[in-house]
Amino acid sequence: MSILVKTWKNPARCIDYNTQQWQLLIHQSRASYMLPRMANKLITYYQNGKIEDRIWHHFSSALLVAKRQVENTSMELNKIEVFFEQKEHQAVILKGAAYSATNLSASIGRTFNDIDILVDKSSVDVIESELWFLGFMPMKEDDYDKLYYRQWMHEIPPLQHIKRKTVLDVHHNILPLTSATTVNVEKLTEHSTLIPGYKKLSILSPQALILHSATHLFHEGEFDKGIRDLIDLELLFQQYFQEKYTFDDLVTLALATGLERELYYAIRYVHNVLTLELTEDELRRVDKFSPKKLNLAFLDFCFLTIFTPNHSSCLTWKKSLATNLLYWRGHLLRMPLKLLIPHLFKKSYMQIRDSLKRPKPIEETFNG
Amino acid sequence: MQTLKDLSENEVKHRLQTSGIALNIGPFNISFTSDYLPLTKPVRNLYANYPLLNDVDFVDFNIRLLRSKGIRRYIKPQINFYFDDNCPFKPLPLNEAFALLEWGMNWCIGAHAHQFLIIHSAVLAKNSKVLILPGDPGSGKSTLCAALCGEGWKLLSDELALVDKASGLIYPVGRPISLKNKSIDIIKNKYQHLQPGSIVSTLTKGDVAHISLPEYCIDSMNTPLPAAFIIFPKYNSNATFSFEALTKPAAFLKTIENSFNYSQLGQEGFDVMGTLIDSVQSYNIFYSNLDSAIEFINQQMEL
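First to last, the protein sequences are chains A and B. Read left to right, the first sequence gives residues 1 to 368 (our numbering). Read left to right, the second sequence gives residues 1 to 303 (our numbering).
No wet-lab data here; the hints were simulated from the structure. Take the hints with a grain of salt, since some may be wrong.
Here are the computed lysine to aspartate or glutamate pairs in the EDC-like style, where the Cα-Cα straight-line distance is at most 16 Å [said to hold, decoys possible]:
| hint | chain 1 | residue 1 | chain 2 | residue 2 |
| --- | --- | --- | --- | --- |
| 1 | B | K165 | B | D278 |
| 2 | A | K67 | B | E268 |
| 3 | B | K254 | B | E244 |
| 4 | A | K50 | A | E76 |
| 5 | B | K41 | B | D85 |
| 6 | A | K163 | A | E260 |
| 7 | A | K346 | A | D114 |
| 8 | B | K165 | A | D53 |
| 9 | A | K225 | B | E268 |
Quick caveat, the model's predicted, so the values are computed rather than measured.
Build out the structure end to end from the sequences listed, making use of the hints.
Here it is as structure tokens:
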């Protein structure tokens, strides 16, 4: 087990760490987007004088950056709220921005790159064109990319604010339209509630938050943030049961939305890799959502290997293999082969064409 | 205490390829490895007097400089900068390896060390009073900094002012002084004791050469000092020397523009910056002649 997971499960261990162990913990955490979250987990040990300043600086710097992001996100959401109020639109805020806006425990020290919002499919075009007035412009220039998003994806091409560079992802579904899994989005968003202080922006119900997070993670093809996302699920589960929501409600919604397999994966891998306190009976109840034995053995190999820190100290041949297998699995889940193969050909062609067309500029490095 | 010059050339080469050259540089411990052995020479010349770390010391920044693989090994060879596993910059031509190491170290500090308010500036001291020289590229900051160092000032850093959030004191983080283009010859001719190492022509910044930090600056690297002046130099080949005193608000705004992490620090950044600006006198200076700028700065320091 990696030092990151060990420390996450049992932070008290850190008081005995030597220099090398601290360094490894910092490296693994930073590479896995977990440094600010780990900082929050360890802060009491620092306050009790168990962690040297010299080491703590790395954690506190990361925590500071994460805090600034919370403030910036809240500012962006306020602007979107005011705008949506004028235009009479509404949206459900998803993932990182949603956790942060409602102070869920999953939000503490969780950084994210973009704000994800879910809107009604019928209003996507109007909202997109109106968001121009707020300064959000499309990032993707290529015609093919645009077409790809419009035709097959569950979101429009990402928008970016021209000044603040904030990236806004506008979704109308939670999985690509070409995905073999169909999600009942109406059911998923049915019990969404307004974010306190807002009139137009909502957050998914506690059950739906877990299902959405699981769906996102287990349909993913790239896992550089895998351990961070699995820890999201752990924290969402923890808060869910602490606030006395029932296991029954979770299973009911999973069945109603068609996401019971995703719930099964979430429970299985959080339970196996991290900590999830469920009774034997509860664990048995989701067993029937499991895939076939052979398929499950394959996924166990992939996921138990991939849910480790995204760091060279955890890189094995197994992990390289799992990374590749999951990459292909991710693609195949997104679209059937008859669409995927032409798409990948087209993308490879475009990459080669672009690399020949213009040499990449050298990024401005720090002034010397 | 062991310094890099206590190691033989072979030992430096060996460490560069294996465990790393691990040095104490002011408040940071930095270690770097590389598979590009010609780095040994500038590293030995320019870091000779820096203290070596022990195995048990905590390393803040682990850096690797690795040559690109495949066809780039032979045609237009390149060097890559890695901070731990992360590769934040595009590769540079191989001959810029040492410059990349220097820029990369600045990035590591500027992007991660938020225990300080960090200002992009040269920092020098005389009589235990600190002078901060912020400046955009082309302002003549580096040349003026090297010249003051040639006049016997203590150099705290040619690139980063580290303002401790708790005490407001400025922490030295002196490393080789980087000179560009014409200023290389100007400094070489004016100060015999500051001799730049070999000149490297780079893609983005023209010719670059480094001067090693005088030993007395390295010896006092762990002593932070209070700030006394912020001077914004503006070199212009036609200018006759002039200066203007800046009001506190003007100095505040100009210094923010030159800060790497002011906005990251939020309220804390505002408070630390406010205390700093309150405690210093600030000027704009316009000059074409180095000596007149030096004379003005010396006068201010003695008042």
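For each hint, the structure was consulted:
no. : hint            : in the structure
1   : B:K165 / B:D278 : holds, 15 Å
2   : A:K67 / B:E268  : holds, 12 Å
3   : B:K254 / B:E244 : holds, 14 Å
4   : A:K50 / A:E76   : violated, 38 Å
5   : B:K41 / B:D85   : violated, 26 Å
6   : A:K163 / A:E260 : violated, 42 Å
7   : A:K346 / A:D114 : violated, 27 Å
8   : B:K165 / A:D53  : holds, 13 Å
9   : A:K225 / B:E268 : violated, 30 Å
The structure fails to meet hints 4, 5, 6, 7, 9 from the earlier list, while all remaining hints are met.
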